[in-house]
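S.K.: With the hints as extra help, turn the sequences into a complete structure.
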Amino acid sequence: MAHKILIVEDNEMNRDMLSRRLTRKGYEVTIAEDGAIGLDRMRSDRPDLVLMDMGLP
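Counting in my numbering, the final residue of the sequence shown is number 58, and the numbers go up one at a time with none missing.
No lab work stands behind these hints: they were computed from the structure.
A hint or two may mislead.
What the hints assert, rightly or not - Pair ranges (Cβ atoms, derived):
{"id": "1", "residue 1": "2", "residue 2": "56", "range": "13 to 21 Å"}
{"id": "2", "residue 1": "13", "residue 2": "41", "range": "16 to 24 Å"}
{"id": "3", "residue 1": "24", "residue 2": "53", "range": "14 to 22 Å"}
{"id": "4", "residue 1": "17", "residue 2": "43", "range": "18 to 26 Å"}
{"id": "5", "residue 1": "5", "residue 2": "55", "range": "14 to 22 Å"}
{"id": "6", "residue 1": "40", "residue 2": "13", "range": "13 to 21 Å"}
{"id": "7", "residue 1": "15", "residue 2": "46", "range": "16 to 24 Å"}
{"id": "8", "residue 1": "55", "residue 2": "2", "range": "23 to 31 Å"}
{"id": "9", "residue 1": "49", "residue 2": "21", "range": "14 to 22 Å"}
{"id": "10", "residue 1": "54", "residue 2": "28", "range": "12 to 20 Å"}
Virtual Cβ for every residue (Gly too), placed ideally from N, Cα, C.
M.R.: What follows is the structure in structure tokens.
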């Protein structure tokens, strides 16, 4: 079973690059564009790890 990682990042280029790298390593990746969406996905998807841009509101 692959570990689930949620990426919360507003910069599309950073989000896509990190998502591709983690997916190639075998992780199940979900993404969110902002903090509100990130909280919703965290509650619904129950990821093992959340990687978040600290500059998000």
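S.K.: So does residue 24 sit 14 to 22 Å from residue 53, Cβ to Cβ?
M.R.: 18 Å, holds
S.K.: State, for the Cβ atoms of residue 54 and residue 28, whether the hinted interval 12 to 20 Å holds or is violated.
M.R.: Once the Cβ atoms are compared, 18 Å apart, the range 12 to 20 Å for residue 28 and residue 54 holds.
S.K.: Okay, residue 17 versus residue 43 on CB: inside 18 to 26 Å?
M.R.: Hint holds: Cβ distance 20 Å, inside 18 to 26 Å.
S.K.: Between the beta carbons of residue 5 and residue 55, is the distance compatible with 14 to 22 Å?
M.R.: The hint (14 to 22 Å, Cβ to Cβ) holds, given that residue 5 and residue 55 are roughly 21 Å apart.
S.K.: Return holds or violated for the Cβ distance of residue 40 and residue 13 against the range 13 to 21 Å.
M.R.: Given a distance of about 20 Å, which is inside 13 to 21 Å, the answer is holds.
S.K.: Within 13 to 21 Å or not, the Cβ separation of residue 2 and residue 56?
M.R.: 32 Å, violated
S.K.: Quick check: does the Cβ-Cβ distance between residue 49 and residue 21 fall within 14 to 22 Å?
M.R.: Hint holds: Cβ distance 19 Å, inside 14 to 22 Å.
S.K.: Take a look at whether the Cβ-Cβ distance between residue 15 and residue 46 falls inside 16 to 24 Å.
M.R.: Once the Cβ atoms are compared, 20 Å apart, the range 16 to 24 Å for residue 46 and residue 15 holds.
S.K.: Just to be sure I understand the hint, the distance between the Cβ atoms of residue 13 and residue 41 should be within 16 to 24 Å; is that true here?
M.R.: At 19 Å between Cβs, range holds.
S.K.: Has the hinted range 23 to 31 Å been met by the Cβ atoms of residue 55 and residue 2?
M.R.: Given about 29 Å between the Cβ atoms, the range holds.
Violated hint: 1 only; the structure is consistent with all others.
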